[in-house]
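Enquirer: Protein chains in written order, with the numbering used here: chain S, 1 to 257; chain F, 1 to 315.
To be clear, the hints were calculated from the coordinates, so they are not data collected in a lab.
Ideal Cβ positions, reconstructed from N, Cα and C, are used throughout, including at glycine.
A portion of the hints provided could be inaccurate.
[What the hints assert, rightly or not] Calculated Cβ distances over 10 Å to all of chain F for the following chain S residues:
(1) 30
(2) 112
(3) 138
(4) 152
(5) 167
(6) 200
[What the hints assert, rightly or not] Estimated spans, in silico, between C-beta atoms of each pair:
(7) F:12 <-> S:69: 17 to 27 Å
(8) F:142 <-> S:205: 34 to 44 Å
(9) S:110 <-> F:146: 29 to 39 Å
(10) S:254 <-> F:222: 48 to 58 Å
(11) F:180 <-> S:80: 30 to 40 Å
(12) F:222 <-> S:110: 39 to 49 Å
(13) F:11 <-> S:107: 39 to 49 Å
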Amino acid sequence: MRVLVCVKRVPAPGAKINITDDGQAVDATNLGHTMSPHEECALELAVQLVEAHGGESHVLTLGVAEADEQCRWAASIGVTKATLVDVGTMGWDPQRTATALTDAIRSIEEADGPFDVIIFGNESADTGGFQVGIRTARALDRPMVNAIKGVSISDDGATLEAQREIDSGMEVYRLPMPCAIGVKEGITWPRYPTMRGRLASKKLAVDVAGSDAAPGGQTMVRLNRPEETVSETVILGEGAAAAPAVVELLKELGLWS
Amino acid sequence: MSVLVVVEHDRGAMADASLEAFVFARSIADQLGEPVEALLIGADAAGLADVCAAHGAVAVHHAPIAGDYGPEAYGMVIASLAPVLSPSGIVACGTDRGNEVLAHAAAELDLPFVANCVAVTAADEWELTRVQWGGSLNEEARLTSTLPIVSVAHHAVDAEEASAGATANVMEHIVELPEWASRSLIQDRVVLSEGLTLATAPIVVGGGRGVGSAEGFDVLEALAAKLGGVVGCSRAVTNNGWRPHSDQVGQTGTRIAPQLYIACGISGAIQHWVGAKAAKKILAINTDPAANMVVKADYAVIGDLFEVLPAIEQG
Ligand SMILES: Cc1cc2nc3c(=O)[nH]c(=O)nc-3n(C[C@H](O)[C@H](O)[C@H](O)COP(=O)(O)OP(=O)(O)OC[C@H]3O[C@@H](n4cnc5c(N)ncnc54)[C@H](O)[C@@H]3O)c2cc1C
Ligand SMILES: Nc1ncnc2c1ncn2[C@@H]1O[C@H](COP(=O)(O)O)[C@@H](O)[C@H]1O
Numbered sequence: 001m002r003v004l005v006c007v008k009r010v011p012a013p014g015a016k017i018n019i020t021d022d023g024q025a026v027d028a029t030n031l032g033h034t035m036s037p038h039e040e041c042a043l044e045l046a047v048q049l050v051e052a053h054g055g056e057s058h059v060l061t062l063g064v065a066e067a068d069e070q071c072r073w074a075a076s077i078g079v080t081k082a083t084l085v086d087v088g089t090m091g092w093d094p095q096r097t098a099t100a101l102t103d104a105i106r107s108i109e110e111a112d113g114p115f116d117v118i119i120f121g122n123e124s125a126d127t128g129g130f131q132v133g134i135r136t137a138r139a140l141d142r143p144m145v146n147a148i149k150g151v152s153i154s155d156d157g158a159t160l161e162a163q164r165e166i167d168s169g170m171e172v173y174r175l176p177m178p179c180a181i182g183v184k185e186g187i188t189w190p191r192y193p194t195m196r197g198r199l200a201s202k203k204l205a206v207d208v209a210g211s212d213a214a215p216g217g218q219t220m221v222r223l224n225r226p227e228e229t230v231s232e233t234v235i236l237g238e239g240a241a242a243a244p245a246v247v248e249l250l251k252e253l254g255l256w257s
Numbered sequence: 001m002s003v004l005v006v007v008e009h010d011r012g013a014m015a016d017a018s019l020e021a022f023v024f025a026r027s028i029a030d031q032l033g034e035p036v037e038a039l040l041i042g043a044d045a046a047g048l049a050d051v052c053a054a055h056g057a058v059a060v061h062h063a064p065i066a067g068d069y070g071p072e073a074y075g076m077v078i079a080s081l082a083p084v085l086s087p088s089g090i091v092a093c094g095t096d097r098g099n100e101v102l103a104h105a106a107a108e109l110d111l112p113f114v115a116n117c118v119a120v121t122a123a124d125e126w127e128l129t130r131v132q133w134g135g136s137l138n139e140e141a142r143l144t145s146t147l148p149i150v151s152v153a154h155h156a157v158d159a160e161e162a163s164a165g166a167t168a169n170v171m172e173h174i175v176e177l178p179e180w181a182s183r184s185l186i187q188d189r190v191v192l193s194e195g196l197t198l199a200t201a202p203i204v205v206g207g208g209r210g211v212g213s214a215e216g217f218d219v220l221e222a223l224a225a226k227l228g229g230v231v232g233c234s235r236a237v238t239n240n241g242w243r244p245h246s247d248q249v250g251q252t253g254t255r256i257a258p259q260l261y262i263a264c265g266i267s268g269a270i271q272h273w274v275g276a277k278a279a280k281k282i283l284a285i286n287t288d289p290a291a292n293m294v295v296k297a298d299y300a301v302i303g304d305l306f307e308v309l310p311a312i313e314q315g
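Full structure from sequences and hints, please.
Expert: This is the structure in C-alpha cells:
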C-alpha cells in the first residue's frame with residue numbers, strides 16, 4: 001500500500017499567540033515550529049497502515065525551505081520518503097496551495113506509482129481553511145471525506161472504511177480505493193521517535209520541487225486579536241469554604257436541583 | 001439575486017447550526033438589499049421549508065436526491081444549482097458538514113471558499129473577517145470571486161428567527177448527479193450514546209492537568225452526574241491517556257456552548273479557551289489565581305479541586 005500524508009509547517013505557539021507589528025504573521029520569534037495535531041496523527045496513521053499492509057509512506061509539504069524539519073520529523077516516526085515544494089513563503093492561499101500539491105502528487109505518482117490513500121489533516125493549525133485536502137482530492141478524482149476519526153481497510157484491499165465521530169456515535173463511510181481522507185486528532189496515538197528513527201531522519205533524502213501555481217481569490221489583509229469582552233472575575237472564595245457560594249450560583253443559574 | 005443558505009440537516013432533522021447560517025446570511029442580504037433563499041438537499045429534507053421561512057427564506061429550493069448524506073453528492077448539488085439559481089453569495093455554517101460541502105462545491109466550481117467567517121462587508125468585492133488558529137486570531141481577508149462562498153464560524157452568531165417570517169415558496173429541482181458522487185455517502189451509523197454529549201450538555205465539568213490522573217476524574221464525574229452534565233478535558237489530559245480524545249475541548253477537540261462550564265485544574269491556554277468561550281458562563285477552579293482561565297472566567301474559586309468539588313457536590 002502506498003500512503004501519502006500532507007503536512008503544513010506552522011509556528012508552535014504557547015498559551016498565547018502574538019502577531020508581528022505589521023499584522024502579517026504570527027510572531028514566531030523564540031517559537032519553534034510544528035504541525036497541526038491532526039497532521040501528527042495523520043503521519044502516525046500512514047506508518048501504521050504500511051506496518052499492517054506493507055508498502056511505502058511519503059510526506060509532502062509546501063512552504064519554506066525550513067519545512068525540511070517537518071519532513072525529518074515524519075521520517076523519525078517511520079515515514080520513508082519526502083517531498084518539499086519550496087515556494088519561499090507560508091502565505092499561499094488555499095486554491096493555490098491545492099493546485100501546487102496536486103501537481104506535486106501527480107509527478108510523484110508518475111515516478112513511483114499511484115497512492116492508495118492520501119491523508120490530510122482535517123484543517124491546518126494556523127489558517128484553518130478546511131479545504132486544501134478536498135480541493136486536491138477533487139483535482140485528482142479521489143473520493144474524499146473530512147473529519148475522520150477511525151479507519152480500516154477491507155480484506156480485499158479495495159475499500160477504506162472511514163468513521164466520523166458525531167454527537168450520538170459514528171457515521172461510517174466506505175470509500176473505494178484509491179481515496180483521500182482528512183483526519184482529526186485522536187484517530188491515532190502518535191509515537192515518539194526512537195533512536196533508530198532519529199538516525200533515519202538524518203539520512204532522509206528530501207526531494208525539493210517548485211511550483212508556478214496561480215493565486216486564488218482569497219487574500220489575507222492582516223491579522224488581529226479578536227476583541228474579548230473582559231468581564232471582572234467574581235471570586236467566590238477559597239477552597240472548600242467556597243462551596244456554598246458555588247451552590248448559590250448554580251441555583252441562580254437554575255442549574256441546581 | 002439573493003443570498004442562498006445551504007441548510008444542514010440529518011435525515012430531515014434541522015441542525016441548530018443552520019439557524020446561525022440564516023442569521024449571518026440575513027446580515028449579508030440586508031447590506032445588498034436582497035432576500036435570503038434556502039437550499040434543502042435530500043428527499044428527507046422536504047419538511048424543513050417552514051423553518052427556513054421562519055428564519056427569513058422567501059424561497060426554498062429543494063433538491064430531493066435519494067440516499068443519506070454524502071459530501072461529494074451534496075457539493076455537486078450546490079455546484080449544479082449555482083448557475084441555475086445564480087445567487088450573489090452562498091452561506092452555510094462552519095460545521096464538519098457545512099465546511100466540507102462548501103469546499104467540495106467550490107472545488108467543483110473552481111471558485112474560492114472562505115471558511116469560518118465572523119463578519120462580512122458585502123460590496124463588489126467582499127471584505128471578510130474570519131478566524132484563524134481555531135478562533136485565537138482574526139484574519140481580515142479580501143475575496144475576489146464571481147460567486148462568494150462562505151461559512152460562518154459555529155457559535156459566532158446566535159440563532160434567531162427573522163423579524164418578518166415569510167411563507168416560503170418551495171421549488172423542486174431535479175439534479176442528475178454523476179455516478180461517482182455517491183461513492184462517499186454514509187453507509188452505516190453506529191449509535192454510541194443516546195444521552196447528553198459534550199456538544200449539547202447544559203453543564204460541562206472540565207478537567208486539566210491539575211486533575212493529575214485518570215482516577216482523579218472520579219470527583220468530576222460525580223459532580224457532573226449530580227448536576228446533569230458531562231465531563232470534558234484539556235489536551236494535556238488526552239495526551240496523558242487519562243481520558244479519550246472525544247472528551248477534549250478546544251481547537252482540535254470539541255467546541256462546547258453549555259450554560260455553565262466548570263473548568264477545574266485547567267490553565268486556560270488559548271487553544272483550550274477557543275473551544276470553551278461560547279459557554280454562557282464559566283467558573284474556574286484553580287490553585288493559581290493568576291491562571292488565564294481564572295482571569296478570563298466569570299467566576300472563580302481559588303483552591304485545590306479535590307477539596308472544592310466534593311464540597312460542592314455535598315451542597
Ligand atoms: C495547534 C494546537 C492545538 C491545540 N489544541 C488544543 C485543544 O483542542 N484543547 C486543549 O485543551 N489544548 C490544546 N492545545 C494545547 C494547549 O496549548 C495547552 O497545552 C493545554 O490546553 C494545557 O492543558 P492544561 O490546562 O490541562 O494544563 P496546564 O497548562 O499544565 O495547566 C494545569 C493547571 O492546573 C492547575 N492545577 C494544578 N493542580 C491543581 C489542583 N489540585 N487543583 C486546582 N488546580 C490545579 C494549575 O495551576 C494550572 O493552571 C493545542 C495546542 C496547539 C499548539
Ligand atoms: N502548505 C501545505 N503543505 C502541505 N499540506 C498542506 C498545506 N496546507 C494545507 N495542507 C493540508 O491540507 C489540510 C487542510 O488544510 P486547510 O485547508 O488549510 O485547513 C492540512 O491539514 C494539511 O494536511
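Enquirer: Confirm or reject each hint.
Expert: Verification of the supplied hints:
no.: 1; hint: 30; verdict: holds (16 Å)
no.: 2; hint: 112; verdict: holds (25 Å)
no.: 3; hint: 138; verdict: violated (4 Å)
no.: 4; hint: 152; verdict: holds (12 Å)
no.: 5; hint: 167; verdict: violated (5 Å)
no.: 6; hint: 200; verdict: holds (24 Å)
no.: 7; hint: F:12 <-> S:69: 17 to 27 Å; verdict: violated (49 Å)
no.: 8; hint: F:142 <-> S:205: 34 to 44 Å; verdict: holds (40 Å)
no.: 9; hint: S:110 <-> F:146: 29 to 39 Å; verdict: holds (33 Å)
no.: 10; hint: S:254 <-> F:222: 48 to 58 Å; verdict: violated (21 Å)
no.: 11; hint: F:180 <-> S:80: 30 to 40 Å; verdict: holds (31 Å)
no.: 12; hint: F:222 <-> S:110: 39 to 49 Å; verdict: violated (60 Å)
no.: 13; hint: F:11 <-> S:107: 39 to 49 Å; verdict: holds (42 Å)
Of the hints listed earlier, those the structure fails to meet are numbers 3, 5, 7, 10 and 12, in rising order.
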